[in-house]
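*Asks:* Chains as they are written, first to last, in our numbering: chain A, 1 to 147; chain B, 1 to 147; chain C, 1 to 147; chain D, 1 to 147; chain E, 1 to 147; chain F, 1 to 147.
Hints should not be assumed to be uniformly reliable.
Output of the computed footprint for chain A on chain B, the stretches with three or more beta carbons under 8 Å from beta carbons of chain A [as the list claims (entries may be wrong)]:
id	segment
1	41 to 54
2	119 to 129
Computed cross-link-like contacts, DSS-like style, restricted to lysine-lysine with a CA-CA straight-line distance of at most 30 Å [unchecked claim]:
id	chain 1	residue 1	chain 2	residue 2
3	A	Lys132	F	Lys20
4	E	Lys105	D	Lys132
5	C	Lys20	B	Lys144
6	B	Lys144	D	Lys20
7	A	Lys132	F	Lys28
8	D	Lys50	D	Lys144
9	B	Lys146	C	Lys105
10	A	Lys105	F	Lys28
11	B	Lys105	D	Lys132
12	E	Lys105	E	Lys50
In short, the hints are calculated from the structure, not lab data. Everything numeric in this text was worked out from a predicted model, so none of it was measured. Where is the CB? At the ideal position from N, CA and C, for every residue including glycine.
Protein chains: 6
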Amino acid sequence: SDFSHLDAAGGARMVNVGHKPEQQRTAKAEGWLRCRPETISALRARALPKGDVLTVAQIAAIQAAKRTDELIPLCHSLPLNVVEVEFDIEDTAIHIRSSVSMTGKTGVEMEALTAVSVAALTLYDMCKAVDKTMQIDGIRVTEKIKQ
Amino acid sequence: SDFSHLDAAGGARMVNVGHKPEQQRTAKAEGWLRCRPETISALRARALPKGDVLTVAQIAAIQAAKRTDELIPLCHSLPLNVVEVEFDIEDTAIHIRSSVSMTGKTGVEMEALTAVSVAALTLYDMCKAVDKTMQIDGIRVTEKIKQ
Amino acid sequence: SDFSHLDAAGGARMVNVGHKPEQQRTAKAEGWLRCRPETISALRARALPKGDVLTVAQIAAIQAAKRTDELIPLCHSLPLNVVEVEFDIEDTAIHIRSSVSMTGKTGVEMEALTAVSVAALTLYDMCKAVDKTMQIDGIRVTEKIKQ
Amino acid sequence: SDFSHLDAAGGARMVNVGHKPEQQRTAKAEGWLRCRPETISALRARALPKGDVLTVAQIAAIQAAKRTDELIPLCHSLPLNVVEVEFDIEDTAIHIRSSVSMTGKTGVEMEALTAVSVAALTLYDMCKAVDKTMQIDGIRVTEKIKQ
Amino acid sequence: SDFSHLDAAGGARMVNVGHKPEQQRTAKAEGWLRCRPETISALRARALPKGDVLTVAQIAAIQAAKRTDELIPLCHSLPLNVVEVEFDIEDTAIHIRSSVSMTGKTGVEMEALTAVSVAALTLYDMCKAVDKTMQIDGIRVTEKIKQ
Amino acid sequence: SDFSHLDAAGGARMVNVGHKPEQQRTAKAEGWLRCRPETISALRARALPKGDVLTVAQIAAIQAAKRTDELIPLCHSLPLNVVEVEFDIEDTAIHIRSSVSMTGKTGVEMEALTAVSVAALTLYDMCKAVDKTMQIDGIRVTEKIKQ
Numbered sequence: 001s002d003f004s005h006l007d008a009a010g011g012a013r014m015v016n017v018g019h020k021p022e023q024q025r026t027a028k029a030e031g032w033l034r035c036r037p038e039t040i041s042a043l044r045a046r047a048l049p050k051g052d053v054l055t056v057a058q059i060a061a062i063q064a065a066k067r068t069d070e071l072i073p074l075c076h077s078l079p080l081n082v083v084e085v086e087f088d089i090e091d092t093a094i095h096i097r098s099s100v101s102m103t104g105k106t107g108v109e110m111e112a113l114t115a116v117s118v119a120a121l122t123l124y125d126m127c128k129a130v131d132k133t134m135q136i137d138g139i140r141v142t143e144k145i146k147q
Numbered sequence: 001s002d003f004s005h006l007d008a009a010g011g012a013r014m015v016n017v018g019h020k021p022e023q024q025r026t027a028k029a030e031g032w033l034r035c036r037p038e039t040i041s042a043l044r045a046r047a048l049p050k051g052d053v054l055t056v057a058q059i060a061a062i063q064a065a066k067r068t069d070e071l072i073p074l075c076h077s078l079p080l081n082v083v084e085v086e087f088d089i090e091d092t093a094i095h096i097r098s099s100v101s102m103t104g105k106t107g108v109e110m111e112a113l114t115a116v117s118v119a120a121l122t123l124y125d126m127c128k129a130v131d132k133t134m135q136i137d138g139i140r141v142t143e144k145i146k147q
Numbered sequence: 001s002d003f004s005h006l007d008a009a010g011g012a013r014m015v016n017v018g019h020k021p022e023q024q025r026t027a028k029a030e031g032w033l034r035c036r037p038e039t040i041s042a043l044r045a046r047a048l049p050k051g052d053v054l055t056v057a058q059i060a061a062i063q064a065a066k067r068t069d070e071l072i073p074l075c076h077s078l079p080l081n082v083v084e085v086e087f088d089i090e091d092t093a094i095h096i097r098s099s100v101s102m103t104g105k106t107g108v109e110m111e112a113l114t115a116v117s118v119a120a121l122t123l124y125d126m127c128k129a130v131d132k133t134m135q136i137d138g139i140r141v142t143e144k145i146k147q
Numbered sequence: 001s002d003f004s005h006l007d008a009a010g011g012a013r014m015v016n017v018g019h020k021p022e023q024q025r026t027a028k029a030e031g032w033l034r035c036r037p038e039t040i041s042a043l044r045a046r047a048l049p050k051g052d053v054l055t056v057a058q059i060a061a062i063q064a065a066k067r068t069d070e071l072i073p074l075c076h077s078l079p080l081n082v083v084e085v086e087f088d089i090e091d092t093a094i095h096i097r098s099s100v101s102m103t104g105k106t107g108v109e110m111e112a113l114t115a116v117s118v119a120a121l122t123l124y125d126m127c128k129a130v131d132k133t134m135q136i137d138g139i140r141v142t143e144k145i146k147q
Numbered sequence: 001s002d003f004s005h006l007d008a009a010g011g012a013r014m015v016n017v018g019h020k021p022e023q024q025r026t027a028k029a030e031g032w033l034r035c036r037p038e039t040i041s042a043l044r045a046r047a048l049p050k051g052d053v054l055t056v057a058q059i060a061a062i063q064a065a066k067r068t069d070e071l072i073p074l075c076h077s078l079p080l081n082v083v084e085v086e087f088d089i090e091d092t093a094i095h096i097r098s099s100v101s102m103t104g105k106t107g108v109e110m111e112a113l114t115a116v117s118v119a120a121l122t123l124y125d126m127c128k129a130v131d132k133t134m135q136i137d138g139i140r141v142t143e144k145i146k147q
Numbered sequence: 001s002d003f004s005h006l007d008a009a010g011g012a013r014m015v016n017v018g019h020k021p022e023q024q025r026t027a028k029a030e031g032w033l034r035c036r037p038e039t040i041s042a043l044r045a046r047a048l049p050k051g052d053v054l055t056v057a058q059i060a061a062i063q064a065a066k067r068t069d070e071l072i073p074l075c076h077s078l079p080l081n082v083v084e085v086e087f088d089i090e091d092t093a094i095h096i097r098s099s100v101s102m103t104g105k106t107g108v109e110m111e112a113l114t115a116v117s118v119a120a121l122t123l124y125d126m127c128k129a130v131d132k133t134m135q136i137d138g139i140r141v142t143e144k145i146k147q
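Model the full assembly from the supplied sequences, consistent with the hints where possible.
*Replies:* Written as structure tokens, this is what we have:
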């Protein structure tokens, strides 16, 4: 047959975590929403039309981290202990940092990255009426801890 | 800077439950959908246009309790052991009672309150073709148990 | 047979909106989270442990209104034009008001009631560390407009 | 009163799994999408208009298995260790097999059946432009293991 | 390069419905849950442990039909006008029939098939404590209407 | 009172699109997953442990675009006509491009950006077993069309 086993099986495989030990796991991630200095000024002046940009982005990020297994097809459902999202306001960017912790069988870097990504998307949505030049950059894992 | 740490961090904080012990936890809640006596008569006569009001409300409540972490932004994802929803038919109200149990690190009163609230909303939806005067009242926690 | 047609058909019926005209529809609802005066003081002082109570509740309410069809089994999926949620801080309560608008074939009062209910639940969650006496009351539709 | 306790309580009961032990549980299921031989030829030739039929169906099945508790009202939320979905291409059918494993308090046969059902529905969707005669058949549990 | 365009593009394509006219569309589907005669007797006697089997299955089916676009990756989000689910109790099976209507740009047969499939899964879940021999069969589209 | 109107109202405002005309709208976005050259080689050789990386990422992106209103709190629910996601394999990156179209009252750039972001996260998840150095960069809108 010209039909390979890979094709008959389909092309997606979830990792079996059944035999991994439960451990305390933490992952941290970061990223930037780059924008114009006028956008940062409007943010500082609380003058953006959709409201309190940072709190809305933080809520969106926390909620998305809890649903990472719905967004990323081969991720496991994980009961997170905490999701933290913080922002540093720079001159032409908002720096986003997340930290996610869980007691379980697999790492939580995808949850930390999802939190940063959805925070960045929500910041973009909150600011897009005043800035058409924004860009999301530098999303990466900064730390993984297993205890 | 006139930009406080609270603002830069955003305004939402999830509680870290990582160091709490796993315990058997139960919470109970109640509430009322107040309505006209004719609505209660139609309910008893199974004459409401959308069907079996109580079973539909019960299913909606159980499903919502399982998704409390999606509805309430800072709630944790919790694997519930059971959700129970019961109704007492009064003369001008439906009394809703819920009980939720779980083995885990944090209480389940929000799950019990969510079950009552969504049961009340669904009862409202099932009865609204015949009653424009309904009101949801008295939603509160009646008991919390930790073992 | 002792098995009626109703039973064989099951007990839930969705209303067919296929022949209704598309209209501009608005519904408004309200409700209260009753609490201790000390809780209101902590809210005004921004001293509640989970953060910016009102914005988090507002976001939760807007998101829940958009998903009313998932929460309430026989509701239709409706593309909302806007969801507004406002709060009035009273001496021993937070008064919640919502307004929902849509261009479509069926009313949006369930969406307005869902927004108020989930705002109340989220306020409860944000304040429950400091107040065990809270109660959700008076959730009702205050206005329905069809143009 | 002619209003029985069953009615007043509503008609749905979730099983309480609080006192069950945590065990390693596996369930396997199977089913078939029956179709015309020309559809199988188009599949083998990768000539179906929506693309890589098997991988898309596999992803849909894995994602649905993780959300079984949202689809089936009285199912518990379960953190799955792995979901596997495989296909055998027959002359006039695609044979679908799933295997689901979890460490927890209740069996996972509903998750295995949901994976097969949603795989079958997705295969149907991917092939329906070229075949109006398809039928989903023989969905059943083939094995349950508890360790 | 040995890396084809198909691979670089990935293997999934959604159909663009942007230029299709809005039409009134209806699809009907059917299927069977085959079971032992004793299971039918228990259903008729309302003696099944999880409660009102048919209403719970009907609700699950209606809710799943509304979320077909989440379950089947390449389906469009469609605002359904109505979902109807009915059951015929046979000697060794429950016959499930669905009808789904919508005003829009694409057919709703996947929604009708999803309703039948999730009804069958829910019936299975409600009956599985008393019957280990059940099988889901004969899921197919019975009618498509476009006006 | 020291309690401003903004605080009493909460800090989030959804834009009312009720008076905007329905138009054909398209938005395109792009971004990169930067990785090691060995990761690109493994991708080309189909040697990555979780399977067909590009198709899985494409499906995840299409599904996330359809749910943008759930991820980003103040976005409207929009019935998309089509979501397209394509990849270009570069020496040390995967270039992701999305295009989203809809007939409706508001733009779809957030949907296009969400598709790119979730594609990037899924690619990251599929490759992370072999590469700890990856970074997501350059996510931006490349085109907006309104007809």
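*Asks:* Taking each numbered hint in turn, which are not upheld by the structure, reported in ascending numerical order?
*Replies:* Of the numbered hints, 1, 2, 5, 8, 9, 10, 11 and 12 do not hold.
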